[in-house]
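Put the complex together from the two separate chains, hints included.
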Amino acid sequence: MNLASNAPVTDIEPPPSRPWVILVRRIATSWQGAFGLTILLMTVFLALAANLLAPYSPIDVNMDAILTAPSAAHWFGTDELGRDVYSRVVFGARVSLQIVSAAVGLALVAGSAIGLLSGWLGGAWDTVIMRAMDALLAFPFLVLSLAIIAILGPDLTNAMLAIAITKTPGFARLVRSEVLIIKHVDFVKATVALGASDLRIVAYHIWPNVAGNVIVYGSLAASQALVTESALSFLGLGAQPPTPSWGSMIATGMDFAASWWCAFFPGLAIFLVVLAFNLLGDACRDALDARLGEH
Amino acid sequence: MVRFLLSRLWQIATVVLLVCATIFILTNLLPGDPTVTILGEQASAEQRATARRQYGLDRPAPVRFVLWLGNAFSGDLGRSLRSNEPVVQMLVARIPVTLELAALSILIAIAIGLPAGIIAARARGTWLDVVVSVLAMTSVAIPYFWMGILLIMLFALKLAWLPPSGYIPFFSDPVGNLRLMVLPALTIGTAFAALIMRQTRASLLQVMSQDYIRSARAKGLSEPVVLLRHGLRNALIPVVTVIGLQIGALLGGAVVTETVFSLPGLGRMMVDGIFQRDFPVIQGAILFIVLCVIAVNLFTDLLYAWLDPRVAA
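First to last, the protein sequences are chains A and L.
Heads up, the first sequence is in the numbering used here, so the first residue is 1 and it goes up one at a time.
Heads up, the second sequence is in the numbering used here, so the first residue is 1 and it goes up one at a time.
Excised from the complex, chain L in its bound form (with noise of 0.2 angstroms):
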C-alpha cells in the first residue's frame, strides 16, 4: 500500500508540473497588451513600461514560470490586473459557493440514484426498470444551462415557489441561502444522479449473482438483510469510484450553472476573468479547479486500493 501510495504520488506530482506549466503557458498567450487590462487604452509608453517592471512582464517566459510557480506554492498567485485585489482573496470567497453548489449537488444525486439504482436492480426486466433506465438516459442527455433554465421556469416564474437566481452566504441566512441553491444544485445533481444509477444498477446487478449472496439467502437471512448489508456494501466501491471521477464534469458543469442562477463562483469569476483579459485571475481560478480534480482522483485511487486490496498489490 505505500509503494502503491509513493507511485501514485510521484504520478500526480509529474502530472501537477505539467498542469502548472500548461495553465502559464495557455495564460501568457493570451492576445494583447495586459497594461492596457491595467491602465486603459490612454496611458503613455512611459506608463506601460513601468506597469511592466511593476508586475514582472518585462521578464522571459521561462524566468516568469519559475517565480510564478516559487509564488504559487507559498500562496500567492498575485493580483487582479482589474481590481488589483490579491487573487488568493477573490478564490477564498468564492470556494465556499462553488464547493457548497458541489456538496449539495451530489447530496442530490445520491439521494435521487441510489435508490433508483438499486429498484432498477431489483425490478430488472419490468417496466420499472425501464421507465428508471429511460429516465437516467435522458437526464444524461440534458445539457446542464438548459435543465436551470427549466427549473427556473417552473419552479420560479411559473409556480413561484423559489427565487431564480441570487446568492445569500449560508451563514448571513441559511434558509434564504437554501432556497436560492436548491436549483442550481437540482440542476447539476440530476445529470450526476443518473450516472450514480446506472452504475448503482450494474454493481447490484453483479454482485447479487455471487456465490455468497446465494450463501447469505441459504442461511436464511431474509432479503432486505442480503441487499443492504451483503449486496449494497460490495456494489457500493465502483459507486464511490464514479463520483470521484465525475468530480472534474461536475466543477466544469458549475461553471455555466454558476452564469444561469447568477451565482458568485470559480466558474463565474473564470468567465468574468476571460471577458477581461485579467491573466491572473484565470490562472487562479483554473489551477484551483485542476488541482481539486487531482486531489479527489488521488484520494478516489486510494480509497479504492484500501476498499480492495488487489488494486495497490
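Extracted from the complex, chain A is given alone in its bound form (with noise of 0.2 angstroms):
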C-alpha cells in the first residue's frame, strides 16, 4: 500500500518560515517600522553616497555667499562662513551614524557580556557588578558623558566612548534580568545536567533567548545616543571645527538666529532620525510580544 500517493499535493503544508524572518516581516508592514526603516535607510544612504549628494564642500569657506537663504543654488542657504548648509547636513549624517553606531555596538557588547557574567555566575560577583552599575545608572546620561569628556577632552572618538560608556549599564540590567529568568527554565537545567560547559550554555541557550530583548533595548538606545552626541557637539565637547556635525551646527546656528535655517535644517535632521529609531523600536517591540503571542 502507498499511502503517501493517496495524498494530495496540495494539501502538504508549507514549511513554516524561520522566527526572525516572520519577526522581520512583522516589523516592515506596521506603519511605524516602515516609517523607521525608511528614514534610517534613507540616511545609511546620504551618509554612504555624501560625496555624491552634496553639491559643495561641508568644509569649503565661501565668503561671497555668507548666510543666504535657501535658494536653488543652496536649498538649505549658507553658514556665516558661506558653507553650503545641505552639503554639511548630509556630511554631518556620516559623523552622527558613525558615532551612534560604534557608541551603541560597544555599549551592547560590553553590556550584554557583563549582563550574562553576573546573571549566570550570580551571588557575590552579581551583587558587585551590579552596585557598580547602578552607581553609573545614578548619573542622567548627559551629565555622566560629560564628566568622561572632561576626563578624555573634547573631541568624537571620546564622545563615542563616553556614550559607549554611558549606555553600558542600561544593557547590562537588561540582559541579566533575563538571564535570571531564562536560567531557571527547564531546557537550561537540562542542558547542565547534560554537563555543557558555561560558555556553551550562555552563548548557545542563553543569549539567543535574550537578544531580541536587547535590539529593541538598542534601537532605543541609539536615539538617546543621538541625542546625547549632538548636545556634546552642541556644547563644544563633542565633533570639533570644521568637522560638520548637526549638534555644531546647531550651536553656531544659534548665534546667527535671524538666519534661521542655519540651526533648523540640522534640528530636522536630529528630530527625524530620532523618530525614527524611537518608531522602529515601538515596532521592534510589539513584532516581539506578537511573537511570543504566537508560542
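Note that these hints are calculated values from the structure, not bench results.
Careful: at least some of the hints might be erroneous.
25 angstroms max Cα-Cα, derived DMTMM-like pairs, lysine to aspartate or glutamate [stated by the list, open to error]:
no., chain 1, residue 1, chain 2, residue 2
1, L, K158, A, E80
2, A, K183, A, D134
3, L, K158, A, D255
4, A, K183, A, D198
5, A, K183, A, D255
6, A, K189, A, D134
Here the structure is a predicted model, which means the values were calculated and not measured.
If you want it as C-alpha cells, here you go:
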C-alpha cells in the first residue's frame, strides 16, 4: 500500500518561516516600522553617498555667499562662513551615524557580556557588578557623558567612548534580568545536567533568548545616543570645527538666529532620525510581543 | 514598610558611596596639571609645589578621597581653582535657578500632559487620540536645544512677545523673572508633557476597564465623577512614578537648556567648570545633581510603596 501517493500535493503545508523572518516581516509591515526603516535607510544612504549627493564641500569657506537664504543654488541656505548647509547636513549624517553605531555597538557588546556574566554567575559577583552598574545608572546620561568628556578631552572619538560607557549599564541590567529568568527554565537545567560548559550554555542557549529584547533596547539606546552626541557637539565637547556635525551646526546657528535655516535643518535631521529610531523600537517591541503570543 | 524603608536606605547608601567614588576617580583623572589652572602657565616649580601642598594635591589619591568624602559630608566641597570661591557658595547661588527651571517645567508638563492624556484615553481610537498621540511622539523626539532655539526664533525674534535669554532673580523682579523663564521651561516641559500624556493615557485605559469602574457606573454615578474620583485617582499612581524617574533626564536637559538661554544654573556651572578644568566645581555640580536624582528616586519608591502596599510587602 502506498499511503503517500493518496495524499493530494496541495494539502502539504509549506514549511514554517524562521522566527526572525516572521519578525522582520512584522516590523516592515507595521506603519511605525516602515516609517522608521525608510528614514533610517535614507539616512544611511545619505551618509554613504555623501560625496555624490552633496553639491559643495562641507568645509570650504565662501565669503561671497555668507548667510544666504535657501535658494535653488543652496537648498538649505549657507552659514556664517558661506558653507552650504545642505552639504553639511548630508556629511553630518555620516558623522552622527558613525558615532551612534559605534557607541551603541560597543555598549551592546560590553553591557551584554557584563549582564550575562553577572546573571549567570550570581552570588557575590552579581552583587558587586550590579552595584557598580547602579552607581553609573544614578548619573543622568548627559551628566555622565560630560564627566567622561572632561577627562578624555573634547573630541569625536572621546564622545563616542563617553556615550558607550553611559549606555553600557542599561544593556547590562536588561540582559541580567533576562538571564535570571531563563537560567531557571527547564531546557537550561537539562543542558546543565548534560554537562555542557558555562560558555556553551550562555552562548548557545541563553543569549539567543535574550537577543530580541536587547535589539529593541538597542533601538531606544540609539535614539538617546544620537541626542547625547548632538548635545555634546552643541556644547562644544563633541565634534570640533570644521567637522560637520548636526549638534555643532545648531550651536553656531544659534548665534545667527535671524538666519533661521542655519539651525533649523540640522535640528530637523536630528529630530527625524530620533523619531525613526523610536518608531522602529516600538515596531520591534510589538513584533516581539506578537511572536511571544504565538508561541 | 519599615523593613522596606531600611532596605532601600541601605541600597541607597551603597550607591551614594559608589557614586562619590566614581565622581572622585573621574575628576582626578582629568588630564593636565591643576596648578596651571590655579597659578597660570608662568608659575615657577616652587610656586607649583606650594600650591600642590596647599590644595592637598601632593597626597596619595585614596587619602584625598577619604578627606574629600569627609569634607563633603560636613558641607565643604573645596574651593574653585579659578575664582577661589567656596564651591558650596557657588552651588547655593545656582541651585535656585535650576530648581525654578525644573519646577516650572514639571508644572507646564503636568498642565499639558495630564489633560491631553485624559482626552486621548476618553477619545480612544478617534482622530483626536491619533492627533494627541502623534504630537506626543514628535515632542519626545525633539532635542531640547533645538526646541529652545525654535522657541526663541518664534516668540522672541519673530513675535517679540518674550525676551530671548538672560536671568533676573525671582525676588528682584517676579514678572521679569517669569518672562525670562517661560521659554526655557516650555523647552523642557513639552518633552516631559509627552511622557506624562502617554503614561496617563495607558494607565487610564487600564483602570477604566476594571470591575470597580463598572460598579461605579452601575450605581448611577455621572461619568465625570467616575472618571475623576474613581478612574484618575488610581491611574495617577504610575504617572507620579514616571515623573519621579524622569527627574534625571530633566536635570540632564537643564544642562543644555541653561546654555541655550544663558541661565546661570548648575548645568552652566558644570559646563564652564569642564572648559576651565576646575575639578572641585565639576565634582560639586555633579555630586549635587546625582544626589538629587537618588533622593527623588527614593522618594518615588516610598510614595509608590505607600500608595500600593503590595510593593513594600
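Each hint tested on the structure:
1. L:K158 with A:E80: Holds, at about 20 angstroms.
2. A:K183 with A:D134: Measuring from Cα to Cα gives roughly 22 angstroms; hence the hint holds.
3. L:K158 with A:D255: Distance ~16 angstroms between L:K158 and A:D255 Cα, so the pair holds.
4. A:K183 with A:D198: holds, 11 angstroms
5. A:K183 with A:D255: Since the Cα atoms of A:K183 and A:D255 sit roughly 56 angstroms apart, the hinted pair is violated (cutoff 25 angstroms).
6. A:K189 with A:D134: violated, 29 angstroms
The earlier numbered hints that this structure contradicts are 5, 6.
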